[in-house]
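Build the full structure now, drawing on both the sequences and the hints.
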Amino acid sequence: MHEEWTDQLSDYFDDELGGAEREAVEQHLRGCADCRAVLNDLKRVVAQAQSMPPRPPQADLWAGIAAQFRGTGVDGTHHSTRVPFRRPVPVRFAFTMPQLAAAAVVLMAVSAGVAWQIADRSGRNTNSAATAAAGAQPSDGARDASAPALLAAPDRDAASGAAIAQVGYADAQYDAAVADLEKALKQGRGRLDASTIAIVEHNLQIIDQAIAQAREALAGDPANSYLSGHLVEARRRKLDLLRRATALTSESN
Amino acid sequence: MPAHLILALLLMAPTDQTVQVAKGTKLDVNNFAGDVVIKTWDKDAVRVEVNHSDRETIDIKQNDQTLTVRGRSSRGPLRSLDYNITVPGWMAVNVSGNYADVTMEGVGGDVTVDTTHGDIKVRGGSGFVSLKTVMGEITLEKAKGRVEVRDVNESIHLADINGDLSAESTNGSIILDRIDSGNVDLYTVNGNISYDGPVRDKGVYRLTTHNGMIAMPIAERVNATLTARTYNGSIRSTFTLPGDTPERRGKRLTLTLGNGSAHIELESFGGAIALRRPGEARPETERKRTRDMVNKVLEKAIEDAKEKDKSKEKGKGDQFGLAGFGIDVDAVVAEALAEAQAAIPDAIAAAQDALRLAMPRAVPRPRPDPR
Chain A
2 MHEEWTDQLS DYFDDELGGA EREAVEQHLR GCADCRAVLN DLKRVVAQAQ SMPPRPPQAD
62 LWAGIAAQFR GTGVDGTHHS TRVPFRRPVP VRFAFTMPQL AAAAVVLMAV SAGVAWQIAD
122 RSGRNTNSAA TAAAGAQPSD GARDASAPAL LAAPDRDAAS GAAIAQVGYA DAQYDAAVAD
182 LEKALKQGRG RLDASTIAIV EHNLQIIDQA IAQAREALAG DPANSYLSGH LVEARRRKLD
242 LLRRATALTS ESN
Chain B
769 MPAHLILALL LMAPTDQTVQ VAKGTKLDVN NFAGDVVIKT WDKDAVRVEV NHSDRETIDI
829 KQNDQTLTVR GRSSRGPLRS LDYNITVPGW MAVNVSGNYA DVTMEGVGGD VTVDTTHGDI
889 KVRGGSGFVS LKTVMGEITL EKAKGRVEVR DVNESIHLAD INGDLSAEST NGSIILDRID
949 SGNVDLYTVN GNISYDGPVR DKGVYRLTTH NGMIAMPIAE RVNATLTART YNGSIRSTFT
1009 LPGDTPERRG KRLTLTLGNG SAHIELESFG GAIALRRPGE ARPETERKRT RDMVNKVLEK
1069 AIEDAKEKDK SKEKGKGDQF GLAGFGIDVD AVVAEALAEA QAAIPDAIAA AQDALRLAMP
1129 RAVPRPRPDP R
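Each protein sequence line maps, in turn, to chains A and B.
The first sequence: position 126 = 127 (our numbering), numbered continuously.
The second sequence: position 253 = 1021 (our numbering), numbered continuously.
Calculated from the structure, these hints are not laboratory results.
Being a predicted model, the structure only gives us computed values, none of them experimental.
Computed footprint of chain B on chain A; a stretch qualifies when at least three of its residues, placed anywhere within it, have a C-beta under 8 Å from a C-beta of chain B: (1) 198–205; (2) 210–217; (3) 238–252.
Cross-link-like lysine-lysine pairs, in silico, BS3-like; alpha carbons within 30 Å at most: (4) B/LYS970 to B/LYS912; (5) B/LYS900 to B/LYS829; (6) B/LYS900 to A/LYS184; (7) B/LYS811 to B/LYS900; (8) A/LYS187 to B/LYS900; (9) B/LYS829 to B/LYS807; (10) B/LYS1064 to B/LYS900; (11) B/LYS791 to B/LYS811; (12) B/LYS1074 to A/LYS44.
Beta carbons are placed, not taken as given, at the ideal position from N, Cα and C, and that holds for glycine.
In structure tokens, the structure reads:
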């Protein structure tokens, strides 16, 4: 098998051998058909690899670059379009996994407790739960159920003092936990392979769709305690999946 | 780089090591990628068999009450390794991995498996059995004790389970056969749930799906409070329930059967809830069983074809070059390409980090004050 030579063939092929070693390998190759065959296969492999068509990256960088040029952050927030030429100080949020996990557990418990209390209250007093002050605003119970929509538009909440007053503690905490986990997942995204990312995103979409359907149903039937509970459960599953996916990024280190 | 990769494959150095273990020792295996097959024997010893190149080393270490098995690479990333491990029947086993298919047969102690991409097939386990994967089917049979099963993108099949049971998937069905449990919690977002087993007095049975059907057997003589709720689906049964009327049924059904001591909660947002008598046909599971059978036949056909190809290759006589070393050049190229692709996300992340440093960043939005 000429293992002493095959060990050197790679370096020879990569042109990393010194003069004397290179000469020795070449001399051996002249008299050894087996090693010449191995070298030819190596060449074939490299040629094959070089002939592979270029693959586009799984994540498109241009969206981020274009957003920066437009003065819009990757996260969709707006900022100045003209910035003096200076190195900005990056603002980063960093959370350890135990911190995230502990926060999520606490928030989940608070969220579930408040939601069930609200659901129970709305079940006992359907009249008061039927309408909100603005008419279009959902009731307490339904507001909990529609939390993702409310929290997905914090600017709208900020513009309305009444809306802020109606946002429950659990909603804000839930949204914050989801946002933190999504940020952690985004930061660790590079440590996951494309297929895992695709699966996680696909399943998050499935849960988001379930949450949206439950929220829509609850908007039409705000006193329905089953729908409230179902929504709380779906949101908990989203937190679970985000936690699991975030844990995968740390396991892949 | 491909040259290094290929040459490393040239020298195979299989590991076949047997280690004596004391009663109570736990096995802990981590395999980044590859199959892990665990079987049992009647010796107080663990045998580890792995085929690998001389670049890889299998570390088998015993400390305190744990025997750990790990692969490591002296150069470059660790490649796929297939483990065959034989353990005492009493041993507790923990297997983790990223791209690991895990199969266990006859393990009698605690079992925990956690993989990302990979099927899990376990027959046995007692005490605490925990199986987790993100993408892969989970099959568990003949387990006793507390069972926790978590999947994300595939289905779960549990059979002959005795003990508390919790199973969850996001995008997959949960099919159960011959379950004997007084504490059951099953949840999926997108998939069916089909239960099979008696309802114990004072037991709690909670079956929930968002988009799928739920099938539950209800014996003629059962002591349970049954609650079935749906939003877009329907509630139906193959028999007449006591006190049931179409008006009462609708989207919500609450019935007290016998003394009502057990609690059965069935909830499907968008699917049907089907009640049947034990032993009646389970059409909801037939499609899966048929698909599984077809898959098995296909797998067998593929294996047979591979074997035939190997026989033909052997008949070609002596070969020079890499084929002479038993190396499939195309497969090695594909592996190298896969490794290169796996590095792409890191490169993108690094580029994005560099971009963030080079370009102005957005100011983070203030969070709403909960007060």
